[in-house]
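Asks: Each residue of the sequence shown is one higher than the one before, counting from 6 in our numbering.
Calculated from the structure, these hints are not laboratory results. Check before you lean on any hint, since a few could be wrong.
Computed Cβ-Cβ distance ranges for the label pairs, DEER-style [claimed, not checked]:
| # | residue 1 | residue 2 | range |
| --- | --- | --- | --- |
| 1 | L8 | L46 | 31 to 41 Å |
| 2 | L47 | V14 | 42 to 52 Å |
| 3 | Q44 | L8 | 47 to 57 Å |
Note that this is a predicted model, so its numbers are computed, not measured. Ideal placement from N, C-alpha and C gives every residue a C-beta, glycine not left out.
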Amino acid sequence: MGLALGQMVDELREFKAEKGRLFQLRLFLLFKMERRINQSLLECKNSLKGAITSRLLRVHAADCIIPTGNKCGSNHCSRQSQ
Numbered sequence: 006m007g008l009a010l011g012q013m014v015d016e017l018r019e020f021k022a023e024k025g026r027l028f029q030l031r032l033f034l035l036f037k038m039e040r041r042i043n044q045s046l047l048e049c050k051n052s053l054k055g056a057i058t059s060r061l062l063r064v065h066a067a068d069c070i071i072p073t074g075n076k077c078g079s080n081h082c083s084r085q086s087q
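Please take these sequences and the hints and turn them into a complete structure.
Replies: Structure (structure tokens):
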């Protein structure tokens with residue numbers, strides 16, 4: 006009976022170790038997926054920001070408005086003289 010009990014204890018330890026490895030693998034995969042999602046969202050945000058910026062520049066060019074800066078460095082728009 007002592008041998009069977011010892012085998013059961015060993016199997017339980019192996020089971021717990023395997024369960025721990027699977028848990029670590031699961032955490033790793035979740036972290037990797039979350040990082041990929043966040044990276045995709047950041048790329049989408051940057052792409053959208055670029056599209057909006059280029060659209061605003063086209064609108065300014067169509068209205069003959071050019072961005073100018075004053076001594077403080079802030080930008081404002083002024084009509085281009087013709």
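Asks: Take the hints in turn and mark each one as holding or not.
Replies: So, going through the hints one by one against the coordinates:
no.: 1; hint: L8 to L46: 31 to 41 Å; result: violated, 57 Å
no.: 2; hint: L47 to V14: 42 to 52 Å; result: holds, 49 Å
no.: 3; hint: Q44 to L8: 47 to 57 Å; result: holds, 54 Å
Hint 1 from the earlier list is the only one contradicted by this structure; the remaining hints agree with it.
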